[in-house]
Structure formats: structure tokens, C-alpha cells
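Chemist: Sequence:
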Amino acid sequence: MRLDGGHPALDLVNTVYGQVGQPPEDDVLRAPEDLMTFATRVGVAADASSTAALEAARRLRTACERAFRDDDPTGLEAAARRAYRAGTLRRGGWTWEDADPMSAVHRLAHAAAQLLADDDALARLRGCHDCCWLYLDRSKNRSRKWCSMEDCGTNAKKRRYVEKRRALS
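Residue 147 in full-length UniProt numbering sits at position 147 of the sequence shown, with consecutive numbering throughout.
Treat the hints with care, since some could be wrong.
[Stated by the list, open to error] The list that follows gives simulated cross-link-like pairs (lysine to aspartate or glutamate, EDC-like), each with its CA atoms no further than 16 Å apart:
#: 1; residue 1: 158; residue 2: 130
#: 2; residue 1: 145; residue 2: 33
#: 3; residue 1: 145; residue 2: 130
#: 4; residue 1: 140; residue 2: 163
#: 5; residue 1: 157; residue 2: 130
It is worth saying that the hints were derived from the structure and are not from the lab.
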């Protein structure tokens with residue numbers, strides 16, 4: 001489970017491997033335990049998960065992809081409204097009960113809504129030139145082209161090298 005998006009909401013979108021517009025090649029979120037692992041790794045962990053929370057996370061993933069890739073925030077807005085109804089606003093921000101299996105999904109919806117409202121971060125939102133993943137380009141000159149240099153960047157450089165060698169022969 002790679003986390004190359006630079007934000008929990010983008011990492012959620014990136015839990016599906018494959019090409020944009022094509023059927024998914026792999027889905028990291030297959031079981032409630034996978035959601036718990038993912039939530040822990042991105043810092044929105046809860047004490048419990050459930051099949052309902054897993055399905056809600058998958059729906060949120062689709063809503064986030066539509067919001068960030070297609071500029072259609074309708075689904076994300078609905079998820080954020082559900083999250084805020086279930087949460088409590090306290091000094092320091094929104095909180096959700098760790099015992100609630102949906103709390104990780106609510107925290108992800110909240111994080112996604114915050115990202116969508118952050119114009120500076122959205123100006124750095126990019127799609128990988130090699131795969132379907134989204135990421136925040138935090139490079140100094142904002143010229144990052146791949147989700148990860150280790151994978152997609154290396155693959156692109158290999159392809160260019162092979163093409164160059166073929167052209168020379």
C-alpha cells in the first residue's frame with residue numbers, strides 16, 4: 001500500500017490501481033481490515049471497522065475522485081455533511097468517536113473537504129503522467145510528473161531509454 005498522494009484524500013483515491021477510464025487492476029480496500037490498515041497509515045485511524053464502513057470508504061473514494069479529477073464535488077459534499085452530522089466540533093476542530101466504525105470514513109471526508117477548500121493545495125494537484133494516481137506536487141518548481149520516482153518515474157525513464165536506443169539502431 002503506497003502513499004504517494006501527499007494527502008489522505010488523495011491516498012484514498014489512489015487505493016485503486018489502474019489507468020483512468022479503465023477497469024481497476026487492483027483495489028487495496030478489499031476487507032474491513034484493509035480500511036483499518038489504510039486509516040492507520042494516513043493518520044485517521046479508528047478502533048473498529050465494518051463492512052458498512054468499507055463500502056462507505058469506497059463510495060467516498062469515488063466521490064473524491066470526481067471532486068478532484070472531474071470538478072464534481074456533489075458526492076464529497078454529501079459525505080462531508082454526513083461526517084459533520086456524526087461529529088462534534090470542539091476547540092481544536094472536529095472529532096469523531098474512535099469506537100464508531102464510520103469514524104475513519106468521516107475523518108477522511110473531512111480531510112477531503114478541507115483539501116477541496118484549499119486553493120493553494122489545489123494549485124499543486126496533479127495526475128501522474130504514467131498511471132491514474134493523483135498527488136500534490138510539492139516540488140520547489142512544481143514540475144513533478146509522476147506519483148513516485150521509484151515506480152512511474154523509473155518506468156518512464158526506461159521507456160525513453162529503450163526508444164532512444166531503438167532510434168539509434
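Chemist: Of all the hints given earlier, name the ones this structure violates by number, lowest first.
Modeler: 2, 4
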